[in-house]
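Listed in order, the protein sequences are those of chains E and X.
Numbering-wise (the working numbering), the first sequence opens with residue 1 and increments by one.
Numbering-wise (the working numbering), the second sequence opens with residue 1 and increments by one.
In case anyone wonders, no lab produced these hints; they're calculated from the structure.
Every residue, glycine too, gets a C-beta built ideally from N, C-alpha and C.
Some hints could be false.
Some chain E residues close to chain X (C-beta under 7 angstroms, calculated; not the full set) [as the list claims (entries may be wrong)]:
no., residue
1, GLY38
2, ILE89
3, LEU92
4, ALA120
5, GLY133
6, GLY196
7, SER253
8, GLY254
9, LEU321
10, VAL351
11, SER352
12, MET355
Calculated pairs, DSS-like style, for lysine-lysine (alpha carbon to alpha carbon, straight line, at most 30 angstroms) [claimed, not checked]:
no., chain 1, residue 1, chain 2, residue 2
13, E, LYS94, E, LYS62
14, E, LYS90, E, LYS164
15, E, LYS62, X, LYS32
16, X, LYS38, E, LYS90
17, E, LYS94, X, LYS33
18, E, LYS164, X, LYS32
19, E, LYS326, X, LYS112
20, E, LYS164, E, LYS62
21, E, LYS326, E, LYS344
22, X, LYS33, E, LYS164
23, E, LYS94, X, LYS112
24, E, LYS94, X, LYS32
25, E, LYS62, E, LYS90
26, E, LYS90, X, LYS112
27, E, LYS164, X, LYS38
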Amino acid sequence: MGQIYDFIYNLLPYLGMWLYGFLRSLGLSEEAVFLVVGLIKAFLLANFGLIGFAILTYVERKIVARFQDRLGPNVAGPYGILQPVADGIKLLTKEDTMPAGADRWVYNLAPLIIATCALAPLVVIPFGPGAIGADLSIGVLYVLAVGSGALVGVLMAGWGSNNKYALLGAFRAVAQLISYEIPAVLSVVVVVMIAGTMSTVGIVQAQDVPYLFVLPVAALAFLLSGVAEVGRTPFDLLEAESEIVAGFHIEYSGMKFALVFLGEFVHALVVSALFAVLFLGGWRGPWLPPYLWMLIKMSVGIFLFFWLRATLPRIRIDQMLNLNWKFLTPLMILNLIGVALIDKGLRAAGVSSGMWAAGLLLFNMAMLIGALALPGYLGRRARMAALAAEAEAEAVEAAVAAH
Amino acid sequence: MLSAYAVVALYLLLSLVLLGATLLLWWALRPKKPNPLKLEAYECGVQTVGDTWVQFRAQYYIFALIFVLFDVEAVFLFPWAVAYNQLGLYAVIEMALFLLLLLGGLLYAWRKGALEWV
Numbered sequence: 001m002g003q004i005y006d007f008i009y010n011l012l013p014y015l016g017m018w019l020y021g022f023l024r025s026l027g028l029s030e031e032a033v034f035l036v037v038g039l040i041k042a043f044l045l046a047n048f049g050l051i052g053f054a055i056l057t058y059v060e061r062k063i064v065a066r067f068q069d070r071l072g073p074n075v076a077g078p079y080g081i082l083q084p085v086a087d088g089i090k091l092l093t094k095e096d097t098m099p100a101g102a103d104r105w106v107y108n109l110a111p112l113i114i115a116t117c118a119l120a121p122l123v124v125i126p127f128g129p130g131a132i133g134a135d136l137s138i139g140v141l142y143v144l145a146v147g148s149g150a151l152v153g154v155l156m157a158g159w160g161s162n163n164k165y166a167l168l169g170a171f172r173a174v175a176q177l178i179s180y181e182i183p184a185v186l187s188v189v190v191v192v193m194i195a196g197t198m199s200t201v202g203i204v205q206a207q208d209v210p211y212l213f214v215l216p217v218a219a220l221a222f223l224l225s226g227v228a229e230v231g232r233t234p235f236d237l238l239e240a241e242s243e244i245v246a247g248f249h250i251e252y253s254g255m256k257f258a259l260v261f262l263g264e265f266v267h268a269l270v271v272s273a274l275f276a277v278l279f280l281g282g283w284r285g286p287w288l289p290p291y292l293w294m295l296i297k298m299s300v301g302i303f304l305f306f307w308l309r310a311t312l313p314r315i316r317i318d319q320m321l322n323l324n325w326k327f328l329t330p331l332m333i334l335n336l337i338g339v340a341l342i343d344k345g346l347r348a349a350g351v352s353s354g355m356w357a358a359g360l361l362l363f364n365m366a367m368l369i370g371a372l373a374l375p376g377y378l379g380r381r382a383r384m385a386a387l388a389a390e391a392e393a394e395a396v397e398a399a400v401a402a403h
Numbered sequence: 001m002l003s004a005y006a007v008v009a010l011y012l013l014l015s016l017v018l019l020g021a022t023l024l025l026w027w028a029l030r031p032k033k034p035n036p037l038k039l040e041a042y043e044c045g046v047q048t049v050g051d052t053w054v055q056f057r058a059q060y061y062i063f064a065l066i067f068v069l070f071d072v073e074a075v076f077l078f079p080w081a082v083a084y085n086q087l088g089l090y091a092v093i094e095m096a097l098f099l100l101l102l103l104g105g106l107l108y109a110w111r112k113g114a115l116e117w118v
């Protein structure tokens, strides 16, 4: 019993050791083994993204259907579980319609760039001790860098399609994605600062307390900007169906359309994986094997995305920009300064790690409450002033009418 | 350390190959019956008027400018954040001043109305 548990718990390291031993026993040199193992890892990770995409399309439709009191896909296979396969076959046999006047190369390359840039960050997501594609020392910086490469693809898709809706959607997308890059970067900087490393493995190992309970403001800002960067409801104005039909991917059909959507879903997967790594303690947790913990924590983020989509209406572009530039960005700058100073102060005072976490949590909660109360107060004051002005104008009008 | 980047390169290449393979499979399977109506730009069935590659709002440009400001700041922040644990109070306060200056710039843009969507 203990042996079986040990085997399941350490499944990934055992598999890695077995593979290494097997390849060495074939008489391969150290470099060749490294290359083959790297190739297998790359293949597994890429397929994790692709299969994750297929599963997520099904799960999203099912979950949103339950939110809306529907059944969702239920025809293809038991509980409609073969729906992604049916969708895949359908998309594979669809005609390719390239609009006349489209910029050929730009239009055709865009989906490939979007999908590749979305898949790229998966290589530095750790699924357990040692179970990682490549433990880069600049892990999170790599994720941010290649993640924003999808932006180029989006702009290419919008520009190359020779369609006004597509161009409008691309402009909105670029404005939204670059704006929300800022709070995302700042919240990652807060985590890097506390963890003292940019490596994803190092950040997970540094979290004796999940950073969600130490840096809740950064966690919230990261989640919000993550939702915005993926472009899901309530931030889906870049593909608002009722205004600009579908935004930048309006002219795509068949597999190219599938690649654009793969980009969106894998990006959601990556954001929730990154949220798990940065704020939920990654693979760490009691009893269950590390890779299971990682998958559970990832599904928490994914479910949150679906939940938001089922609950909230779409916001306007000025609201979207206001939320970022007038709220999240100043908040994160102040949070960064505050956390840096308080952390230095607490460490100088030589308090225990529990007290240190409690102190930072207290500061963050105070900041969060203040940040939520201040705009509420200002907004209420503005509304009251408007109401008073209106009442005064009415009184003047009534006085004039009485004369 | 460089070997880790080799895995990254391998992974990027492989994912490109896999995605390209699905496109190839699609190319082999899909029907090909184009006609001029099908290849028109889709604008809800209405004939397209005028050129697509039109002028765009200057507003987007302003936001892009502010973004560049903060993105360059992030380049300075990351090395500082990694070294944070070894830094003294002096370096921390210096970075706080730098950030406050940037915040001042943001507030200036706010006051000037650059952040209003008109």
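message: Please list, smallest to largest, the hint numbers that this structure does not respect.
response: 2, 7, 10, 11, 12, 15, 20, 23 and 26
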